[in-house]
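Asks: Next come the chains, spelled out residue by residue.
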Amino acid sequence: MPESSVFAPQYASIPHRDHTAELGMWVFIATEVLLFGGLILAYVVYRHAFPQDFAAGSRHTEIVIGTANTAVLLTSSFLVAWAVEIFSPATAKIVTRLLVGAACLGLAFIVLKGIEYGKEYDEHLVPGIDFQFPGPKANGVQLFFIFYFIATAIHALHMLIGICLLITLAVICQRAPSTRHRTALHSAALYWHFVDVVWIFLFALIYLPGRSTS
Amino acid sequence: MSAKNYLTADFTLRSWFLTTDHKRIAILYFASLIFFFFIGGAAATAIRIELATPQADLVSSDVYNRLFTMHGIIMVWFFLIPSIPNTLGNFIVPLMIGARDLAFPRLNLMSWYIFMLGGCVTLFAILAGGVDTGWTFYTPFSTLYSNSYVIVAAAGVFIAGFSSILTGLNFIVTIHRLRAPGLTWYRLPLFLWSLYATSVILVLATPVLAITLLLMATERFFGVGIFDPRIGGDPLLFQHLFWFYSHPAVYIMILPGMGVINELVSCFSRKQVFGYKFVAWCSLAIAAVGFLVWGHHMFVSGQSLIASLVFSFMSFIVAVPSAIKVFNWTATLHKGSIHFDAPMLYALAFIGLFTIGGLTGLFLACLAFDVHATDTYFVVAHFHYIMVGGMVTAYFGGLHYWWPKITGRLYSEYWARTAAILIFFGFNLTFFPQFILGAEGMPRRYHVYPPEFQVWNVLSSGGAAILAVAYLMPLFYLGYSAFFGKRAPANPWNAPGLEWQTSSPPPEFNFAPQPVVTREPYQYNERFEAEPQNA
Chain A
90 MPESSVFAPQ
100 YASIPHRDHT
110 AELGMWVFIA
120 TEVLLFGGLI
130 LAYVVYRHAF
140 PQDFAAGSRH
150 TEIVIGTANT
160 AVLLTSSFLV
170 AWAVEIFSPA
180 TAKIVTRLLV
190 GAACLGLAFI
200 VLKGIEYGKE
210 YDEHLVPGID
220 FQFPGPKANG
230 VQLFFIFYFI
240 ATAIHALHML
250 IGICLLITLA
260 VICQRAPSTR
270 HRTALHSAAL
280 YWHFVDVVWI
290 FLFALIYLPG
300 RSTS
Chain B
15 MSAKNYLTAD
25 FTLRSWFLTT
35 DHKRIAILYF
45 ASLIFFFFIG
55 GAAATAIRIE
65 LATPQADLVS
75 SDVYNRLFTM
85 HGIIMVWFFL
95 IPSIPNTLGN
105 FIVPLMIGAR
115 DLAFPRLNLM
125 SWYIFMLGGC
135 VTLFAILAGG
145 VDTGWTFYTP
155 FSTLYSNSYV
165 IVAAAGVFIA
175 GFSSILTGLN
185 FIVTIHRLRA
195 PGLTWYRLPL
205 FLWSLYATSV
215 ILVLATPVLA
225 ITLLLMATER
235 FFGVGIFDPR
245 IGGDPLLFQH
255 LFWFYSHPAV
265 YIMILPGMGV
275 INELVSCFSR
285 KQVFGYKFVA
295 WCSLAIAAVG
305 FLVWGHHMFV
315 SGQSLIASLV
325 FSFMSFIVAV
335 PSAIKVFNWT
345 ATLHKGSIHF
355 DAPMLYALAF
365 IGLFTIGGLT
375 GLFLACLAFD
385 VHATDTYFVV
395 AHFHYIMVGG
405 MVTAYFGGLH
415 YWWPKITGRL
425 YSEYWARTAA
435 ILIFFGFNLT
445 FFPQFILGAE
455 GMPRRYHVYP
465 PEFQVWNVLS
475 SGGAAILAVA
485 YLMPLFYLGY
495 SAFFGKRAPA
505 NPWNAPGLEW
515 QTSSPPPEFN
525 FAPQPVVTRE
535 PYQYNERFEA
545 EPQNA
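Protein sequence lines correspond, in order, to chains A and B.
According to the working numbering, the stretch in the first sequence is residues 90 to 303, in order.
According to the working numbering, the stretch in the second sequence is residues 15 to 549, in order.
Honestly, I wouldn't trust all of these hints.
[As the list claims (entries may be wrong)] From the structure, some residues in chain B lie toward chain A, with a derived Cβ separation under 7 angstroms:
id	residue
1	D71
2	A113
3	A117
4	R120
5	M124
6	I225
7	F236
8	G237
9	F523
[Stated by the list, open to error] Which bits of chain B does chain A cover? Going by a derived footprint, with three or more residues having C-beta under 8 angstroms, they are:
id	region
10	185 to 198
11	215 to 221
12	242 to 254
Simulated from the structure, these hints should not be mistaken for lab results.
Every residue gets a Cβ at the ideal spot worked out from N, C-alpha and C, and that includes glycine.
Could you put together the complete structure from these sequences and hints?
Replies: Listed below in structure tokens is the structure:
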């Protein structure tokens with residue numbers, strides 16, 4: 090692996106640059122926590138106001154797809170963590186494959202999500218476009234699905250950005266990896282794990298309410 | 015002219031628009047903010063002309079709504095929030111900590127482009143016909159009833175938010191990681207403590223605004239009732255989310271100003287800032303407690319009395335660190351060798367005006383008084399004392415103080431003092447009558463009013479005319495000095511900060527040898543009187 094001794098003038102050394110970059114990613118994740126935090130707060134307020142309706146809405150989600158997606162995403166995070174762990178000159182080839190694998194799992198997640206959206210459209214559960222829900226719980230269920238769509242759409246957007254990052258890093262790894270890319274990979278991995286963690290929260294909030302009773 | 019500096023390093027347009035030099039990016043922000051300041055100011059001018067008479071003679075009520083909305087949106091998001099952080103902060107932070115640039119220079123440039131994109135989208139909303147919701151975008155008016163460009167304007171603010179986040183992120187990482195050897199946290203100039211606190215708010219509050227505006231725009235676009243009580247939504251939730259950002263945003267708009275005042279008061283009293291550690295931690299205390307007071311914007315909204323009591327109590331608490339700062343500045347002045355240079359005039363004006371703004375904030379934190387004052391001119395006067403009397407004054411003070419460093423030229427002290435004094439009188443004449451109007455019950459956001467309020471409104475409009483002239487003056491004498499002013503020495507104020515130890519204007523990478531810090535900041539009383547200056 091060629092060691093590039095050139096680093097931007099504001100840094101004192103290569104480790105200094107790398108630690109600085111990593112801190113940047115942590116601060117960025119802090120801002121992301123508040124982004125999803127605001128959304129989840131709104132969800133919590135309405136779930137508190139309409140517990141029965143949210144349970145009813147939740148029972149209309151595709152728990153099989155949701156669970157499969159959770160498994161897909163956790164596996165892809167595992168591949169990324171693996172890639173970070175073994176990143177070295179000798180392993181560039183494996184790292185590339187791990188990253189491509191993780192990106193493919195990410196795409197699989199998006200595809201499954203799309204299928205899920207399609208099913209919900211067929212069942213007239215898309216507020217603002219086509220929403221019909223019989224009975225007195227219609228309003229609460231609509232609120233549930235508004236948050237379902239906004240939260241999963243923002244999450245999917247984060248996934249797409251993450252997939253682009255992973256593919257970019259895979260390409261770099263195949264061509265000319267250097268120690269600089271270890272930090273890039275580490276930061277991208279932090280981001281990818283964060284998106285994963287957000288999904289675990291969303292999974293619990295979206296798919297699980299009301300499952301134990303019916 | 016000896017060695018090349020950051021201004022003379024390259025003259026091509028490309029070298030400006032693709033620069034990653036924090037100093038050039040600061041200049042880009044500076045130029046953009048002047049532009050937005052005068053757009054927001056033009057709207058304010060139209061408002062004050064309309065209010066000179068009780069009748070509607072200049073604009074209709076609908077146009078008036080769009081004017082004050084435009085004034086608010088532009089001034090809050092496209093002037094006040096980026097003002098000190100993105101111009102003076104961008105320029106001075108790396109110099110103050112002895113670094114060659116911010117931690118992420120390309121991100122810094124990107125933040126300017128995002129800001130300009132947000133600004134252009136907002137300008138488009140204004141040119142297309144404007145927005146009439148007020149800068150707060152309250153639902154259900156913004157989602158159901160308003161027949162104006164709400165989504166476009168919200169999109170502009172949403173985009174500009176990312177620029178704020180990136181700047182905050184850059185400052186936090188820079189202050190953590192790029193300090194010169196020997197520059198411990200307690201040796202940092204207080205300007206950096208306050209910018210650090212500001213950055214924490216920028217990073218943690220702005221995303222909540224983003225998600226709030228997104229929910230609001232979704233409701234308006236798709237006609238779904240996120241905040242619509244007819245289908246189960248809660249309009250108060252919008253207010254909670256909005257003020258969860260927008261109250262801390264008030265501290266985004268004042269903390270950097272307080273930071274500048276530390277530098278000015280200590281430099282022009284030739285003394286260390288009194289109680290350095292208290293002032294430093296007060297910045298962080300304001301940032302932290304500032305997140306817990308948003309409900310004081312909602313005392314009359316119908317939130318529970320318990321909530322109101324708690325928010326009222328917290329609002330009193332948050333005034334404590336601000337008061338500590340004011341007392342400490344006053345104590346710094348005590349027995350100081352005070353010089354009334356232009357930056358100091360701004361600093362003294364700041365202390366007085368901020369105190370009035372802060373004390374009237376305590377009035378408003380009282381539930382019993384607030385019920386009467388809500389949505390009156392008392393509130394308008396209060397926050398203009400903080401935002402304009404405080405932040406804009408500090409901005410001008412800091413701009414004059416660091417002008418020789420930024421441009422390498424000296425401005426005319428006579429004109430600078432004249433403008434400072436005019437701003438002070440113009441400001442008070444504009445906004446003090448509004449306290450009286452508010453106390454007498456004149457509501458805000460109306461373009462007509464009963465004739466008995468006219469005398470105070472005429473005074474206020476007259477003050478606004480003085481203020482407008484005073485704000486235009488620096489454009490001329492500072493503009494003139496940038497090209498024809500006397501060359502500035504490296505350290506015209508004889509100040510000990512690191513930013514004064516490099517040439518004026520600084521070279522492209524700020525410092526030739528890496529500076530090493532061996533002492534606390536603000537050591538005015540020791541060696542600096544004797545040290546030779548390198549011009």
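Asks: Each of the hints needs a verdict: does it hold here or not?
Replies: Do the hints match the structure? See the list:
1. The closest approach between the C-beta of B/D71 and any C-beta of chain A is roughly 43 angstroms, which is over the 7 angstroms cut-off, so the hint fails.
2. For B/A113, the interface hint holds, the least distance from its beta-carbon to any beta-carbon of chain A being 6 angstroms, beneath 7 angstroms.
3. A distance limit of 7 angstroms between C-beta atoms decides the matter here; for B/A117 the minimum to chain A is near 5 angstroms, and the interface restraint holds.
4. For B/R120, the interface hint is violated, since its Cβ never comes within 7 angstroms of a Cβ in chain A; the closest pair sits about 9 angstroms apart.
5. For B/M124, the shortest C-beta to C-beta distance to chain A is roughly 13 angstroms, which exceeds 7 angstroms, and the interface hint is violated.
6. Annotation: B/I225 was flagged as interfacial toward chain A, and the flag holds, the nearest CB pair being 4 angstroms apart, inside 7 angstroms.
7. Taken as an interface hint, B/F236 checks out: its beta carbon lies about 3 angstroms from the nearest beta carbon of chain A, inside 7 angstroms.
8. At its closest, the beta carbon of B/G237 sits 6 angstroms from a beta carbon of chain A; the interface hint therefore holds under the 7 angstroms criterion.
9. Hint on B/F523 holds. Least Cβ distance to chain A is approximately 5 angstroms, under the 7 angstroms limit.
10. Here's how the region 185 to 198 of chain B fares: 5 of its residues keep a CB closer than 8 angstroms to some CB of chain A, so the rule of at least three is met and the hint holds.
11. Residues of the region 215 to 221 of chain B lying with their CB closer than 8 angstroms to a CB of chain A number 5, which satisfies the three-residue condition for coverage.
12. Requiring three or more residues with a Cβ within less than 8 angstroms of a Cβ of chain A, the coverage given for the region 242 to 254 of chain B holds, as 5 such residues are present.
Checked against the numbered hints given earlier, this structure breaks hints 1, 4 and 5; the rest are met.
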